[in-house]
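> Single-letter residue listing:
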Amino acid sequence: MKKYDLLTPEGTRDLIFDECAALRSISGKLRGIFAGHGYTEVITPGLEFFDVFNNKSRHYPQEVLYKLTDGKGRLMVMRPDSTMPIARLVGTRLRTAPLPLKLFYDQTIYRANPKESGRDDEFHQSGVEIIGGEVMRADMEALSVAAEVMQSFDVDDYRFEIGDSGFFTLLSSKLTLKEQELDDLREYVMSKNYPALDEMLAKFGDDKYARALGGLTRLFGGGEVFDSAEKILPDDALPILKQLKKVYETLCTLGMGGKVTVDLGFAGKSSNYYTGIVFNGYIAEYGMPVLSGGRYDKLIADFGVDVPATGFAVNENAVAEALLKRSGGMLLPAPDVMVYADDHSIAAAIVHCRKLIAEGMTAEYADLADINEARKLAASRGCRRFDTVTVSGTKTESIG
Amino acid sequence: MTDNKAIRIALTKGRLEKDTVGLFEKMGFDVTELREKGRRLILSIPGQNIEVVLAKAADVITYVELGACDLGVVGKDTILEHGGKYFEIADLGFGRCRFALAGKKGTDFYGGVGVKTVATKYPNVTRHFFESKRMDVDIVKIEGSVELAPLLKIADGIVDIVETGTTLKENGLEVIEDVVPISARLIVNTVSMKLKKERIEELSAAMQKAL
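If you're matching them up, the sequences are chains A and B in order. Okay, so the first sequence: first residue is 1 according to the numbering used here, each after it adds one. Okay, so the second sequence: first residue is 1 according to the numbering used here, each after it adds one.
Treat the hints loosely; a few may be bogus.
Said to hold, decoys possible - The following residues of chain A were derived to be distant from chain B, with all beta-carbon distances above 10 angstroms: (1) Tyr66; (2) Met288; (3) His352.
To be verified - Okay, the calculated bits of chain A under chain B, using three or more residues with CB under 8 angstroms as the criterion: (4) 153–166; (5) 189–196.
Calculated from the structure, these hints are not laboratory results. Since we're looking at a predicted model, the values are computed, not measured. Virtual Cβ for every residue (Gly too), placed ideally from N, Cα, C.
Produce the complete structure using the sequences and hints provided.
Below you can see the structure in the form of structure tokens.
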């Protein structure tokens with residue numbers, strides 16, 4: 001017997017009515033922002049070769065990928081990310097395109113989350129990539145567009161957080177660590193696991209880099225973070241701090257004051273992926289960042305073209321969910337008019353619908369033979385007007 | 001601002017809950033409601049704007065990870081078994097014990113060339129432990145008293161939480177190797193940590209000071 005014919009797989013869902021409308025409205029909003037700033041859309045395949053997502057500067061662990069094989073037995077994956085396919089595109093068909101190249105995307109992403117974790121395995125993600133360009137300007141643009149995205153959600157308690165992967169890269173390189181220890185250290189910094197971090201750094205005694213790393217992980221918050229950081233950072237890390245502070249101040253002048261926060265304890269998920277400024281956007285209703293991005297200067301070199309890049313991605317499902325939760329659901333607009341036809345006026349009613357639509361109204365054709373049922377349908381839809389098209393002509397009545 | 005909203009902390013029902021409530025009392029909180037809770041699962045601490053949720057250990061992690069609770073008190077054992085993405089900001093020191101590999105007294109677990117069978121309530125911890133040793137083992141998940149498995153000869157060893165070792169001893173088992181120490185941890189949702197920084201850091205510092 002069939003067992004799964006009435007179910008959707010774990011981590012996926014049907015989006016209906018206001019869920020769908022909310023997602024499309026977010027998507028439209030982002031599209032407007034990105035296109036307005038001159039970004040061009042690309043669509044990459046939903047299926048890619050496994051190799052695309054498994055290279056030096058970033059690789060996806062096998063267990064988070066949905067995998068299948070093609071007719072030739074080659075390993076394929078459902079796209080877990082859009083940045084790596086775009087890096088592939090830049091390394092191939094866009095190899096000779098003039099830089100900077102500004103691209104945006106709006107497509108679904110697939111990730112195999114641990115079982116029953118309550119997270120989406122399939123979600124809509126929209127974002128931008130700036131390939132090439134001068135670092136400071138490109139960073140500032142990516143940040144300001146991301147900030148604009150956060151502002152566009154019209155919620156007043158969002159936060160936009162910035163950091164720099166350079167601190168961890170620099171400080172950890174000064175400590176003698178085995179590969180496993182470096183991975184552990186990264187994990188402790190990212191999970192703000194203060195007890196484990198302190199225990200690990202204790203063996204370096206009074207080493208200034210170790211001390212700075214311990215202190216930095218606890219340094220997040222508003223602009224005051226910069227003053228505290230200046231006191232604990234070794235001199236060679238100060239240029240990174242200065243640069244980040246400049247970015248912070250610029251964002252504050254862009255109407256983001258009070259919303260921008262800083263987290264200096266950023267280590268990245270794996271070695272080598274992020275190479276500079278990183279940022280996250282949060283909305284109170286959602287337990288994870290809804291936007292995240294940063295500079296990744298080494299990735300595209302893995303695809304044969306050594307060019308710096310930055311970008312960010314927005315989890316549209318997360319934003320839609322958070323905003324729906326906040327508004328208590330969204331009312332879908334009812335059609336303006338419900339149109340009924342008797343047996344001899346089916347074509348005439350369709351023509352009538354078209355006429356109403358051309359006049360700027362929304363008109364729904366009632367696919368029912370019984371006029372009373374059609375009237376009931378109009379009421380249940382919330383229509384204010386009910387038009388009947390019969391052999392004796394068209395009549396309008398108002399309802400509700 | 002978000003900082004004025006109540007913060008919600010999930011406590012692992014049972015001993016960790018008692019220890020945490022004791023800690024709250026030491027901090028000067030009014031814990032009457034937490035002590036006389038009846039069957040209620042969501043409680044409040046008067047005058048503190050803190051909501052307390054009582055949950056099973058693994059659920060504490062789920063609630064914190066999904067942001068339903070800002071903070072949680074949960075054992076390192078559950079953290080290791082369950083994984084997840086959240087901040088682990090303090091070791092609360094109580095609930096101290098350890099994961100250990102144990103086997104029948106006098107047997108050589110690592111001897112021989114056969115693949116060993118290990119019984120446990122914590123398959124992920126067990127898998128990680130043997131993966132780090134690059135050693136293939138068969139893992140059998142047991143829900144109740146794991147000590148039974150070697151006695152009934154379905155496993156060569158067990159990985160379990162060991163406090164004093166009395167249960168092992170009484171059943172003719174002994175610790176072969178310690179896996180990892182365990183104690184109660186304070187975990188925080190990654191977004192709450194940023195949006196409610198002052199209140200969370202304040203509470204965390206007060207809790208650690210009262211230890």
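> All hints are to be evaluated individually against the structure, with a verdict given for each.
Structure-based check of each hint:
1. Tyr66: holds, 20 angstroms
2. Met288: violated, 7 angstroms
3. His352: holds, 50 angstroms
4. 153–166: holds (count 3)
5. 189–196: Satisfied; 6 residues make the cut.
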